[in-house]
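Top line first, the protein sequences correspond to chains B and X. Counting along the first sequence from 1, when you hit position 325 you're at 325 in full-length UniProt numbering, and nothing is skipped either side. Counting along the second sequence from 1, when you hit position 264 you're at 264 in full-length UniProt numbering, and nothing is skipped either side.
These are computed hints drawn from the structure, not numbers from a lab. Backbone N, C-alpha and C fix where the C-beta goes; we use that ideal spot for every residue, glycine too. Worth double-checking, as some hints may not be accurate.
[What the hints assert, rightly or not] Simulated restraints, written as ranges between beta carbons of each label pair: (1) P307/X x P340/B: 37 to 47 Å; (2) G213/X x R411/B: 31 to 41 Å; (3) Q392/X x G26/B: 42 to 52 Å; (4) T16/B x G102/X: 21 to 31 Å.
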Amino acid sequence: MSRLLEMRDIWIEGRTDEEWIPIINGVDLTLDKGEVLGLIGESGAGKSTLGLAAMGYTRDGVRISKGSVVFDGIELTTAPARVKRDLLGRRIAYVAQSAAASFNPAHRLIDQHVEAPVVHKVMSREEAMRDGIELYRRLRLPNPEEIGFRYPHQVSGGQLQRAMTAMAMSCRPDLIIFDEPTTALDVTTQIEVLAAIRDIVEQFDTAAIYITHDLAVVAQMADRIKVLLKGDEVEEAPTREMLAHPKEDYTKSLWAVRSFQRPQKPPAPPDATPVIRVDHVTAAYGKVPVLFDVSFDIHAGRTVAVVGESGSGKSTAARVITGLLPPRQGQVFFKGEPLPADYRHRTKDQLRQVQMIYQMADTALNPRKTVGEIIGRPVEFYLGLKGTKKRERVRALLDAIELEPDEFIDRLPGELSGGQKQRIGIARALAAEPEFIICDEVTSALDQLVAEGILRLLARLQDELGLSYMFITHDLATVRAIADEVVVMKDGRVVESGPKDEMFTPPHHPYTDLLLSSVPEMDPDWLTNLLAERGVENIGDAAAGRM
Amino acid sequence: MSFWATILLSLAAIAVAAWVFRWGGQKLTNNRPFFRDMPFGVAFGYVFGAVALAGVVHLYVLARTLPPAEANKYFFFRLAVEGFIGFSIAAWLFRAAGRRIGTQASRKLFRQMPLTAAFGIMIILAYAFVAIFAGWLAPYGQEEVLGAANVVPGGDPAIGGDPRFPLGTDQIGRDILSRLIYGAQNTVGIAFVTTALAFFLGGSFGFLAATLGGWLDQLLSRFVDVLMAIPALIFALLLMTIATVWAPKLGIPLTVFMVIIIAVIDSTRVFRLARAVGLNIVVMDYIEAAKLRGEGLGYLIFREILPNAYAPLLAEFGLRFCFVFLTIASLSFLGVGIQPPLADWGTMVRDLAQFINFAAFAPQVAVAPLLAAGAIALLTVAVNFVVDWMLQKSSGLKE
């Protein structure tokens, strides 16, 4: 095979207030025609920066300080803007993480699709439209003739991501850079997009750089995998070899993350009073009903995982428990006592007993308050501690979440990493000394290694303090790791519930089965086998069934 | 040659020069990306800028070398150029000093500060200094009538000035310099109090509306809409006219009425901003967490929302201050604002306005009314520079 892209000794720097700091330190990257390279690493590893550099492009305030990028014989780092304009979109294309944010909401999909071929004079407008519809068909979008004439907000996230892939294919480029194209999608939708991308890349023999932090996804897509850590290359190998025999410790630790699993606790005795009982709850936002007759129990010291896709009503159930959304019918009991439906009518002690940890630690911590103030407030508010006593308690809490008190107590949230912020969120919930904590997708915004640390911390705190968790997630690997019991939700109803071990062994409810089988596995043949098993048409059916 | 032909020919000449400039640059630098990727429009801009700069320098040299009678034509031009250069140097020195003196944090602030912001801060500090120490700085009292009217500034007897009064005396013989200095105290002081009051009213109600929502939000917002529907200056004028009748009856100075009237009218704009900013903040999870903790309204507004709204509110404070300031000056100019004999810049412009007619043949005399106008303009520009800088800083923080 012939060489398409050759990046040699690439150094990239980003500008902060006063100086240039390194982002990529001397990485080499080569790609043959028709080959797919997987680029993995944590956030901040420089994956996206390196991917963009493959197009000879850098974001504002970033520069390629050294090295060469040769695309099909053309040196991109020194190429005139005119030459690069001609290449980009026509021979090199880019698919961004969030299609919803990358489409212009004011124009129809097909109008945006034909822009590149028309501007580059590859096709006339009519040809490009016909071709676009053909691409939509190949990417298995429903109603290919008609879907292009919708606006971006009128199609679902998974469809938008496929439309974006079609747009990247419009000029039949030699190279496409996929920047986390499925990260924002549900598992069941992710399958459709992955299958579509893989097919079309194979059909047109396009080379691709596939950027992701999810190993199981990259295993399905890539011929070769390159691992990055803080701007340095850790190792690179063909996919099967890399999966079977990772060489470096860092790569091994990435592989090992998925192995964390806590033994399931024995079920609570049947006569025990549950800490939280959700009893036949029906709830609605205004006139839109969201929950239908939902019931489940959470027992002392247990973790109940509530799983389902976005829109299944998991978070709404949490809002009913906290009292933010008073239910239409039904009631929530705390240790056998009914809780007032509206949080404003609950006593201070009732509020203290139910704490919450949020998905986005960024918005859950007040950016203008120091860590000490954030954790100190519930200590003062609920427990009435002041001055030195309060400070001591805050320091003890920081110790409990494995952060060095002296180092962190006076920092602002902006000076913390994602995982550290989430730990502060946990400490704030613990500060109230509650019996029950709702964890709303607490690990889904984090890298796998960091997420595993959070899960281990939550498990340890549960053992030490006897806490009960309601664990809302769409990630079944997390469920496997931490849950004692599982509640599966779909369209506002509880589809299935029971102890974890039972849930993970067949027979399942058909929806549980679909969810379980959609979780990517590390086996590179997994997607192929799954598609063969389901039959290609079934994917479309599954998609149609969901909508 | 007609005027239009001259313009067209000059533009054509610049276009040719621009092409030569780019071509020469490419040859001389061996095709550096700067010249290689330069669009023609940018090259045209460079040459055009250079020509304009050369024109300015030429005119300035003329203004300095021509005999006084001829040079009078260029008097204001010369003033502008010298003012620009003078203020630039002063701002640069001010910033250089700031980088060396003070705490670590303030030195860092000055290191990252653009020159415009340094200029703005310098001017604001200078105004504050003058306003606070007006009593010591002014050579005469603001109400003191000292003799004949003589508006010629400079104190040079050769052109009719009086060395005792460096900026001249006004139409009834009061020292203009002293009145300018006291004007800083009156105009700026009152504007500051008015703006602060407007922010207190608008900010409190705005955050309240954002936090509570529902019918209270509707009620306050519609009331504000009604107030905003009436043109601000005319509304203020109307209310001031009523106030001039009430003030003597109630024994309250008219200035107090003016402060309240302008503050209420301007608080509607602050309300809108505070409500919009507040609405963005109340949807954050940390507000939900505080609500679920059982926190009261006061804690929510002042401890959770307000710290996150400082940046936009502070920026708005700067702008609003300028508007209030100009409103006061306009009202004073119209005769219902700050009342004589108190010195006020708006009133000073109105009282001396007739001298602007002398601009063509005796520009020094026309300076008299423009001094107060210039004082207003300078502060407005300075505040806006600082506000721009703060906005940029605060938006940068979010990333």
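Cross-check of the supplied hints:
Hint check: P307/X to P340/B, Cβ distance near 31 Å, so the stated range 37 to 47 Å is violated. Checked against the given bound of 31 to 41 Å, the beta carbons of G213/X and R411/B, roughly 33 Å apart, stay inside it. The given range of 42 to 52 Å is broken by Q392/X and G26/B, whose C-beta atoms sit roughly 34 Å from each other. About 23 Å separates the C-beta atoms of T16/B and G102/X, a value consistent with the hinted range of 21 to 31 Å.
Hints 1, 3 from the list above are not met by this structure, while the remaining hints are.
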